[in-house]
Structure formats: C-alpha cells, structure tokens
Amino acid sequence: DIQLTQSPSFLSASVGDRVTITCRASQGISSYLAWYQQKAGKAPKFLMYAASTLQSGVPSRFSGSGSGTEFTLTISSLQPEDFATYYCQQFNSYPLTFGGGTKVEIK
Amino acid sequence: EVQLLESGGDLVQPGGSLRLSCAASGFIFSNYAMSWVRQAPGKGLEWVSSISGSGGSTYYADSVKGRFTISRDNSKNTLYLQMNSLRAEDTAVYYCAKYGSGSYYDPFDYWGQGTLVTVSS
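So the protein lines, in turn, are chains A and B. Position 84 of the first sequence, counting from 1, maps to 84 under the numbering used here, and the rest follow consecutively. Position 62 of the second sequence, counting from 1, maps to 62 under the numbering used here, and the rest follow consecutively.
Be careful, since some hints might not be right.
[As the list claims (entries may be wrong)] Straight-line Cα separation of at most 30 angstroms, DSS-like style, residue types lysine-lysine; simulated pairs: (1) A:K42 / B:K43; (2) B:K43 / A:K45; (3) B:K76 / B:K65; (4) A:K107 / A:K45; (5) B:K65 / A:K45.
These aren't lab readings, by the way, just hints derived from the structure by calculation.
One chain only, chain A, in its complex shape:
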C-alpha cells in the first residue's frame, strides 16, 4: 500500500500568510495526487488534481506542485474561509490512500 505522509499535521497562521503543506508518498505516484479541503462537520471539497490543476471555482490563491513522491499545496494569502483541514489522496493504485491531514487554524 502507498503511504502518504502530510506535514505539518497542525499549522497556526494569520490571515494574509503564505502557507505550504507537504505530502510525501512512500513510492512514486507520478502526478496521481489530489487535494481536498474539509471544514468542521462538512464533507470534503475537491480542490485540485494531477497535483496542480485547480478544480473549477477554486480560488487562484491555491496552487499545487510536485510529482513522484513529493507534493506541496500552497495558499498564497490565507483567507478566513481557508481555515480547515487539508488532505492529500493518491489515485495511482489501489487501495486508495489519504494523508493524515493538516489542520490550519487561526493564530
């Protein structure tokens, strides 16, 4: 099984900050990586796929990069509505796996 390790697991930041979350895969997954945002008590929301292609409607302050085993999600200027938990997910092979999540909280 492919393990995904997210770091940090918790992040405290202020509105306007630049935030970067890392997702490392235990083996190469090409660009078969997606990012999701989940707010408390809500379903996950799809943000981007192929490591860097934004889903329609997702603000351009979100960006992604990486391939192989190391990936990043960056929020260029954190907004109040961005405080949430972020998950990476690989869809290169089964079983599908998710990272452990990164909770972004207000400083």
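Using the hints, position chain B against chain A.
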C-alpha cells in the same frame, strides 16, 4: 447540479448489519465509477470501496473485505453499501463520492454530506 444524498446510518450492535444508500442526481450516474469513504470520529479519511459505472467491477479496502458489499442500481441512480459483521472500529461517518470520470484512476470531484454509523452495544 450534482447531488449525492446518503441515508441509512444508524446505531447498530456489534455483529449486526446495515445497508447504506446514496441517491445521485445531476449527472449520468451509469457513466461514473462511485465510491464509499469513511471518517471515524476525530480521525482522517479512509477509502472503503469502489464500483465501476456498470457495476461489473469492485474494489475493497482490506479492513472491510468479506464483510461489506458495494453495489449500484443504475435504473434508480442509487449506490449501496451492505455492511455485515459490524465492529466497533467501523463507527464512522460514511461518505458517498463520485469519481471525476468513468475511470477508477481519478479523484473524487463530488461528495455527499455523509451518514453516521455507530457500532456499539
């Protein structure tokens, strides 16, 4: 507008059974693979099972293989998850999720709101 509406979650005793349903609308249901993903209280996301658009092929996580069965009725635009021999560790919110295409190698572009399954005596 794509909508996924789960139902069937409940409190059930260990060893019991439950069937979850997910009613889909806003897209051609039979064209898309579908999946169940769960989230234990305060924990992360765990993929459970997936099914092809035709229903002819399925995948399961090892943690549920042999106990859970995924199925779909394309005439009713509905996805199911039959859960047998339930354990305390199956307690979670269960989400229905749609793949971005008919392929299994796509992310989940839409998710339902979830239904809570609690396994406890």
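Hints violated by the structure (numbers, ascending): The structure breaks none of the hints.
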